[in-house]
Each structure stands twice: as C-alpha cells, then as structure tokens.
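Make the full structure from the sequences, and use the hints.
Line by line, the protein sequences give chains E and F. Note that our numbering numbers the first sequence so that position 62 is 89, with each residue one more than the last. Note that our numbering numbers the second sequence so that position 405 is 532, with each residue one more than the last.
For the record, the hints were derived by calculation from the structure and aren't laboratory data. Just so we're clear, the structure is a prediction, and the values are computed from it rather than from any experiment. Just so you know, even glycine gets a beta-carbon here, dropped at the ideal spot from N, CA and C. Heads up, a few of these hints could be off.
The following label-pair restraints were derived from C-beta to C-beta distances [stated by the list, open to error]:
(1) Q57/E - F313/F: 15 to 21 Å
(2) Q57/E - S360/F: 35 to 41 Å
(3) Q57/E - Q155/F: 26 to 32 Å
(4) R67/E - D148/F: 24 to 30 Å
(5) Q57/E - Q884/F: 45 to 51 Å
(6) Y62/E - Q798/F: 37 to 43 Å
(7) R67/E - Q798/F: 44 to 50 Å
(8) P341/F - S29/E: 23 to 29 Å
(9) V30/E - W564/F: 32 to 38 Å
(10) R67/E - T381/F: 43 to 49 Å
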Amino acid sequence: MSVIYVLLAISISVAIVFFIAFVVSVRQGQYDDAYTPSVRMLFEDELVDESSEKNNQNRSQTE
Amino acid sequence: MESSKCYHCGDSCSNTAVHFDEKIFCCQGCKMVYEIFSTNGLEYYYDLEAAAGTTPDFKPHKFDYLDNPEIVNRLLEFNEEGMQVVNLHIPHIHCSSCIWVLENLNRLHPAVKSSQVDFPQKRIRVCFTTSEYTLKQLVVLLSRIGYEPTISLEDYGKKKAKVDRSLIYKLGVAGFAFGNVMLLSFPEYFEVEEFWLEQYKVVFRWLMFAFSLPVVLYAAQDYFISAYKGLRSKLLNIDVPIALGILALFFRSTVDIVFDLGSGFFDSLTGLIFFLLVGKFFQQKTYAFLSFERDYKSYFPIAVTRLQDSGQEENIEIFKVKSGDRLIIRNQEIIPVDCMLLKGNAEIDYSFVTGESQAIAKQPGDNLFAGGKQLGGVVEVEAMKSVSQSYLTQLWGNSVFSKNKVSGFQTITDAIGRRFTIAVLSIAVIAASFWLWYDPTKAANVFTAVLIIACPCAIALAAPFTLGNMMRIFGKYGCYLKDTNVLERMAKIATVVFDKTGTLTTSNESSITYEGMELYPEEAALLKTTLRASNHPLSRSLYQILQEHDIQMLDEFTEELGKGLEGKAKDQSIRIGSAEYVGTEQQPDFSETSVHISANNTYKGRFAFRNNYRKGLPDLFKTLKTKASLYILSGDNDGERRALHQLLPFKVQMYFNQKPEDKLEFIEKLQESGKVMMVGDGLNDAGALAQSDVGVAVAENVNVFSPACDAILDGKVITRLSRFLELAKRSMGIIKWSFLLSLCYNLIGLYFAVTGQLEPVIAAILMPLSSISIVAFTTVATNVVARRLTQTIQNES
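Have a look at this one:
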C-alpha cells in the first residue's frame, strides 16, 4: 500500500468534510440573507447595563 | 441645540418643537420613542445612524383584530408550549440602526426571547413567550417605537414558503468537484511518460470520474431538462448544444479512461458546468424587498369590524364578510368590499385604485367601492358583495394574471442557439465523414472533439452577465426589474402607453389657484378661520396654503356634509363649498375640483385644485417619440385634454374614460402591431400592466405598494424612462458583440478539433479563458455604457 493512497484518502476526506459543512450551512438558511450578518457583526456590547437595571421598573411603561 | 432637525426622525422642527433631555424633537411621538429607547439603554440607536427613526403614527384600535385567536394562529409561524414565533414585514427598516434596535427588542420587553432581522426582505422574526405576552402587544410595541408592521391579507394563512436553494447546492457540488478534479488532473498536463504517473494514473482518472458523476447527474440536470423540453416543442434553444457538449465530454472521457486512450476531459466538464451555474446565479439577483407579484391581497386588511345584530362589535376575517353584513370602518382603514354607506361622514381616498389623491366625500346611501381608504371619522357600512366579487377584486379573475410572459418570448440567446446548434452539428458531421474516408480510427475522436470544443459556454454566459449587470445599474437609478428577461423585452418596445393620474401627475402635491375677485383682509382672515374648523381634506389642504392671519373667534360655524361650510364673525359671513351651496350661476366644471367662496352673500371666486404634472415630461415625450409610438390612457374624464396637449405638443394619442377592462383590451389591440410597454400606477392599471409586454409600475415610495408588474419605477425618475429603454437596447448590442468574441474562441478550438489534435490540456485552457474574457468584456462594456447615462443624468441635475 503506497503512501499516495493514504494522502489521497486524507485530502479527499478533508474536502468532503468541508463540503458537508457547506451543505449544512445552506440547509440552515445561512445563505438566505447575505446582507444582515455583515452589519450585525459590527455591533458590539453597546447596551448600557447599569442604566437598564436602574430603569428596570420603567419597562412596564413600554408594554 | 442650534440645529432645528428632530433628533429622532430628522424632520425639521417648526414652532411645535418639543425640548427634552437637551435634545429637540419635532413632536411628542418622536420624543416618546426617544424616551423608550433611552430608559432601556438603547441610546446607541442614535450613534449608529443619526436621525434614523420615524414618527410613530399609531392608532389605538388598529390592531384590535389580533385579539381574535383564529386570526393570530394564521399569522404565527410556530406556536407550541408557550412559545410563539412570528415573521412580520416592517417597511420602515432601512439602516443599521433599525437592525440593531429591532434585534435588541428583548430590552424593551423580557418576554421577547430573540428577534432577527432579514434586512433585504425588510422582515423581522420574533420569538416570544406567551405566558405574559401576546402578538397584539408585540405589534403595538413595534408600532410605538415607529416600526409598524404591515399585516395584510397576503400574510393570511401563508405557510412558511419553501425556499428554493437548489441552485446554491448545485453550485456547491460543481465547485467542489471542479476544484478537486483540477488538482487531480494537473500532473498529467505535463509529464505523461513519468514513472510515477504511469503507475498511479488509473487511480487519479477514476477519482476524477467519481467526482464528475454528481456534477453530470445532479448539478447539470437543468440543462438536460431544458434541452429535452426544447426538443419536444421542436425548439433548438441554447441548452441543446450545451447538453450535447456535456454528454460528449462525459462519454468521451469515460471511454478514454476505460480504454486507456487519454486522461479524459473531466476538468473541462466540471469547469464548464461550474461557470454556467455561476452565470445563472449572477442572473438571479432579485430585489427581495420588492414584490412583483402583488395583487389586492397585499394591501387589503386581514380583518374588519362587524357589527352584530345585538350591536356588539366583533373582529372577523375578511373572507367571512357576507353581503348584508354591517361593518365599521375607522379612520385610515381600507374598505374591503363594495358596500353602501349607512352612517357617518365618509371621505374616501381612492389613490391606491386610481392614483387620484383628492379624497371624495360620500353621504349615507352612496355606494363605496372596495379599495378606498376612509379618512376622517368612523363610518358604518353595509356590505353588498363578498370580497372576491367586488368590482376591483374581480379584475383578478381575468386570465391575463395567470399568463406567463416569459414562456412566449424567445430570448436572444435562444435565437442564437438555434443557428449555433445546426452549425455545430453540420461541422461535426462533415469533419467526421472526412476522417472516416481519410483515417477511420480518428473519426469518432473528431466528432466528439467538435461537440466538446463548440459547447457554447461563453455564449451562454454573455447574456446572464450583461443583463444581470445592467439590472443592478437600473436598480441604482431607481428602476427595479423583476428579472433579466424584462430587459430583453424592453429592448423591443415599439409602443409606450401611459396612465395619467398618479403616473404623469404626482399625488404628492396638487397646485391650488384662486380665480375671481380679490378678498378683503377681513374676509381672508375669516376664510382661514372657518377652514380651520373643518376636517374636510379639501379644507385642510386649502388651509395649508393660505397666508397666516390672526385667528378670530367664530360666532357661528355650520358644516353641511358634502356641500360646504359657513362661518360668521362680527358682521362678516362667509360660505365655502360647492357652486350650488354658495349660490353662483357658474356652470359646474367637472374637469377639476374647485371650492367656491362667497362673502356676505356676494360671489367672490373659486379655488381650483389641479393635478401637478411631473417635471420634465415634455423632454421625456420628445425623446420617446423618436423611439416608440405613444398613448395616454386615463380613467378620468377628458377635462385635462387641453392641458395635456399644451404640455405635450407631440403626436400623442389620448383616450379618456377608460375602465380597467378597457385599458386591458386596448393594450391587447396594440400588441398586434408590436411590443407594448404600459406605465401605470394604481390597481386599476393592474390588468393593463399584466397584459402588456413590459408592465412598469410607477411608485412614489417603492416600498409601499405597487400592483403586479415587471418593473417598478421610482416616480421621481420617470423622466429617465427613455434612457432606460436606450440602455436596454445597448445591452442587446453588447450581447451580440460578446457572441462574436466567443465565436472567435470557438473557431480556434474548432481548428484543433477538426484536425484531430484536441488534447485535454487545450480544452482546459481554452474553455475557462473564453468564459472569463466574456465576463470581463460584458462587465466593462455595461459599465462604460452606463457611465454615459449617469453623466447625462448628472448634467441635468
């Protein structure tokens, strides 16, 4: 058994793993909206935590 | 504080500005949204994009129908174990601030578990717990922060639409195989006699075979299906030579490796299919937030308030309305069925139907047609028909709405494909017969080689890339096309038909002129004061344009519905209204809406409301008339005929008093002598838009509503219509040039094929080279052509 078979097997199985990952991601709908995630990733934790806790009781107003 | 722009929505603040938290707001509504955001730690909304918000325009009873569990169930995507998922369309979504605040909805209410925005479709998917929250509360919350969802009949009972992702899968399969086959075939390109290769080439070749199997069987199946369909209807479309090429590639390669004749053309095979699919993918660009298939359903409400015999109100689904039901229509609600007005002061805005923006006053006993929008107070009506039998909705029963415009149209690619297939087959046969006589062992080789090298990959790519690119350019300049096929049909337009109201005129503003004796200052002041007291839409628009006067106290004010107003102050009296009401002999002029004035029992004059024509129309018609014959079809009477003739002193034929069906038939008749483009806006043009070869819907706001059509044109850029037509024609020119270019590549390839020297490596170089150069050529050419257009647009403005 030549080493080339081992190498071929490895390279093809790696390729197939990536291909399966691609199919799974399409199936989950990750390719349906290609725009929003590009904006979403730029948001960080801008939420001001203290102020929201301080104003927790105010939440009922917004219902 | 120097700026007088509202911190929330960016509108200019007049003297009604509200100061709060060291910021300035144009109204209480905007201030309230700011308060909600700031108390919940969402101020970042304003850091992302300045003044991104909108003034909430919220009416308390608007969503009462969401109390009906049956309706709610139809809207929900998922509803189990205290969890509900709903997918709502919010037209206001327009920037990153919107995405951010809507995805942080759980800050505003803890019952919201997650929310996700789909920006291109302007939709939000919200997941919430039902124990302490309902769909109605969620919708009200969204409306209060200025993101009011539109819930229309279209959403009703719509099952989760199955997204067709097969093209992405196919592209993935082809790309995956293409890459791997390329790697595996690389060694044999160069050193054929090498010891290592000799030993392992069988393994490499069968691996390539294995990789290309799913490509031929799965990724390429559309081409086989299309070719088969074409042949069955005796049409030689472009997919016939493509399918032939694919088959020839696959079987020739298989035979090659079985009998050890060569390495086969698996690299070319997978590459070809990959490139073809990329072209298809590029062409598939769609404007997800626009819908070209809309009918009345997308703007009719889901539910309506019915008055029970006992006098109780209940919300029922619109399809359950029967003839004889008594319904309550509130301010800003759409009338869902043809009905008779029983009680109340109706002001019906038919702008969705006709494009006419001036509201029409109706009295009890009058008939109302479905599609009108009530302005003003609450009215009670009696339904005379069911929803599907109403005047307007019946139009959708016409067969033009189920007709497919694409199927009857031969695209430029298919037209070429026909001649191409015949040429390729005859060359293959001639070359094969020559070799049969000269050297029979090579005949089969030559025959398949011709089919392989002549596979019109580059030709098949020329149209998708040119048209796809052009479509994006159109979109940038305010014309949104349904698909690339529309562009091809546009290039062949011989007749352009315009609707008048709402298309040539703009509903945003109408000009008001005064004709008659000048009013004394006291009279003018009294006029303004009297108008202020009235809620009639005409009074409101008149009030807006009159100069500021001191507001007096009225001693007496009477309003007679459908007739006019009377105001008295001190010793002055004024009557405003219809000619009859103010007591003038003047012949009523039906061509335009007018409001007559008399002061102290003497007739003074009248205010005439005229539709404003869009700017630049004469120029548009001047350039268009050299390209196509022009018609104007209007549902109104011919009162504007003279004004139109003055505005457009060209050979334009005008027809008035056209009903929706008349317009449809008119277009049908015109089509006997060439392709027709219909430019319209209201629901009453829907039939004509569907019948025409290219239906263009003109919209003031492309997000709001437009009837089913092939293209949506922003009302502000209607003057660019002739340029768009010009561009469509140019695109066809570009496609023809790229056909020539790809033909050159084919000729080079044919030389190798016919002389029997086609090596896999030549095919592998020639095929991608021709495809890539075609893509580059079309991209550059479309951009150059489009740049000329943009320069003329910039020069104008």
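Hints, one by one, checked against the model:
{"no.": "1", "hint": "Q57/E - F313/F: 15 to 21 Å", "result": "violated, 32 Å"}
{"no.": "2", "hint": "Q57/E - S360/F: 35 to 41 Å", "result": "holds, 39 Å"}
{"no.": "3", "hint": "Q57/E - Q155/F: 26 to 32 Å", "result": "violated, 42 Å"}
{"no.": "4", "hint": "R67/E - D148/F: 24 to 30 Å", "result": "holds, 28 Å"}
{"no.": "5", "hint": "Q57/E - Q884/F: 45 to 51 Å", "result": "holds, 47 Å"}
{"no.": "6", "hint": "Y62/E - Q798/F: 37 to 43 Å", "result": "holds, 39 Å"}
{"no.": "7", "hint": "R67/E - Q798/F: 44 to 50 Å", "result": "holds, 48 Å"}
{"no.": "8", "hint": "P341/F - S29/E: 23 to 29 Å", "result": "holds, 27 Å"}
{"no.": "9", "hint": "V30/E - W564/F: 32 to 38 Å", "result": "violated, 51 Å"}
{"no.": "10", "hint": "R67/E - T381/F: 43 to 49 Å", "result": "holds, 48 Å"}
Violated hints, in rising order: 1, 3 and 9; the structure is consistent with all others.
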